[in-house]
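In short: position in the sequence shown from 1, add 160, done, that's this note's numbering.
If you're looking for bench data, these hints aren't it; they were derived computationally from the structure.
Keep in mind that a hint or two might mislead.
Stated by the list, open to error - Straight-line alpha carbon distances no greater than 30 angstroms define the calculated DSBU-like cross-link-like pairs of lysine-lysine that follow:
id : residue 1 : residue 2
1  : Lys-313   : Lys-378
2  : Lys-313   : Lys-338
3  : Lys-268   : Lys-313
4  : Lys-378   : Lys-268
5  : Lys-313   : Lys-265
Said to hold, decoys possible - Computed spacing ranges between beta-carbons, pair by pair:
id : residue 1 : residue 2 : range
6  : Asp-202   : Asp-243   : 43 to 51 angstroms
7  : Leu-402   : Ala-178   : 43 to 51 angstroms
8  : Leu-406   : Glu-226   : 43 to 51 angstroms
9  : Val-334   : Pro-225   : 21 to 29 angstroms
10 : Thr-388   : Gly-245   : 20 to 28 angstroms
What you are looking at is a predicted structure, and each value in this text was computed from that prediction instead of being measured.
Positions of the beta carbon are idealized from the N, C-alpha and C atoms, including for glycine.
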Amino acid sequence: MPLTFTPCVLIPCYNHGAMMARVLARLQPFNLPCIVVDDGSDETTRQRLAQLAAQEPNLTLIRLPENAGKGAAVIRGLQAASDAGFTHAVQVDADGQHAIEDIPKLLKLAQENPAALISGQPIYDDSIPRSRLYGRWITHVWVWIETLSFQLKDSMCGFRVYPVAPVLQLAQRVTLGKRMDFDTEVMVRLYWQGNTSYFVPTRVTYPLDGLSHFDALKDNCRISLMHTRLFFGMLPRIPSLLFRPLVAALGAPAGS
Numbered sequence: 161m162p163l164t165f166t167p168c169v170l171i172p173c174y175n176h177g178a179m180m181a182r183v184l185a186r187l188q189p190f191n192l193p194c195i196v197v198d199d200g201s202d203e204t205t206r207q208r209l210a211q212l213a214a215q216e217p218n219l220t221l222i223r224l225p226e227n228a229g230k231g232a233a234v235i236r237g238l239q240a241a242s243d244a245g246f247t248h249a250v251q252v253d254a255d256g257q258h259a260i261e262d263i264p265k266l267l268k269l270a271q272e273n274p275a276a277l278i279s280g281q282p283i284y285d286d287s288i289p290r291s292r293l294y295g296r297w298i299t300h301v302w303v304w305i306e307t308l309s310f311q312l313k314d315s316m317c318g319f320r321v322y323p324v325a326p327v328l329q330l331a332q333r334v335t336l337g338k339r340m341d342f343d344t345e346v347m348v349r350l351y352w353q354g355n356t357s358y359f360v361p362t363r364v365t366y367p368l369d370g371l372s373h374f375d376a377l378k379d380n381c382r383i384s385l386m387h388t389r390l391f392f393g394m395l396p397r398i399p400s401l402l403f404r405p406l407v408a409a410l411g412a413p414a415g416s
C-alpha cells in the first residue's frame with residue numbers, strides 16, 4: 161500500500177475544445193490537479209485548450225504532435241502523473257457524459273484499495289444509441305470468458321481511477337491497444353497481473369451536442385482483434401485464473 165494517496169484528474173482530449181470549459185467547471189469543486197492530454201486536436205481546440213491552461217493554475221496541458229489514440233493519450237498522461245508524484249489518476253472523458261459528481265465515491269474506493277482499478281459501472285438513460293448498448297454486452301461476455309470470472313462488470317466505461325504505477329508497469333511489459341480498444345484491454349490485463357477492479361454505479365448521459373470519435377468499422381475491428389489476443393492470452397492462464405478465488409480466500413497474492 162502506498163504511504164500516500166495523491167490523486168489527479170486525467171482527461172484525454174481530441175477536438176473537444178468546445179466542451180472542455182464545462183467539464184473543467186464541474187471539476188472545480190474537487191480542487192484536484194488536472195492533466196489534459198491534447199491528442200493531436202485541430203487548431204480551434206488547440207487554441208481553446210491553451211486559453212484554459214492559462215486561466216487554470218491547476219491544469220497541466222500536454223500536447224501530442226498528431227492523433228495517437230485514446231489509449232496512447234492516457235498512457236502519456238499517466239507518465240506525466242507519475243513524474244509529478246501522483247499515485248492515482250481519475251480518467252474523465254472530455255465530452256461531458258460522465259457524472260463527475262461521483263468522483264469522491266471512486267476516490268474513496270481507490271484509497272481503500274490502492275492497487276485496484278476503480279471504474280464506474282454505467283447506468284444509462286434513453287440517450288445511449290442501441291447499437292452501442294448491444295456492443296457493450298458483447299464485450300462484457302468476452303471479458304467474462306477472458307478472465308473466467310464475472311468480477312469485471314463493465315470494462316468500457318471511461319470514468320475510472322487508475323493506480324498509476326501498476327498501469328505503467330503493465331504498459332512497459334506488453335503492447336496495449338492505443339485507441340478504443342485500450343479501456344477493455346488494460347482492465348483485463350491488470351486483472352491477469354493481479355490488480356483487480358471494483359465498480360461504482362454511475363449515470364452516463366450521451367449529450368445531444370456530443371462529439372463521438374468511435375469509428376464503427378475501424379474500432380469494431382480493433383476491438384475484435386483485441387478480444388482475439390485476450391482469448392489466446394487467457395488460455396495459458398486458465399490454471400491461475402481458476403484457482404484465483406481460492407488464492408484470494410487464503411489471502412495470498414494472485415498475479416500471473
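Hints versus structure:
no. : hint                                    : in the structure
1   : Lys-313 <-> Lys-378                     : holds (25 angstroms)
2   : Lys-313 <-> Lys-338                     : holds (22 angstroms)
3   : Lys-268 <-> Lys-313                     : holds (19 angstroms)
4   : Lys-378 <-> Lys-268                     : violated (37 angstroms)
5   : Lys-313 <-> Lys-265                     : holds (17 angstroms)
6   : Asp-202 <-> Asp-243: 43 to 51 angstroms : violated (27 angstroms)
7   : Leu-402 <-> Ala-178: 43 to 51 angstroms : holds (49 angstroms)
8   : Leu-406 <-> Glu-226: 43 to 51 angstroms : holds (47 angstroms)
9   : Val-334 <-> Pro-225: 21 to 29 angstroms : holds (25 angstroms)
10  : Thr-388 <-> Gly-245: 20 to 28 angstroms : violated (38 angstroms)
Hint compliance for this structure: hints 4, 6, 10 are broken, all remaining hints hold.
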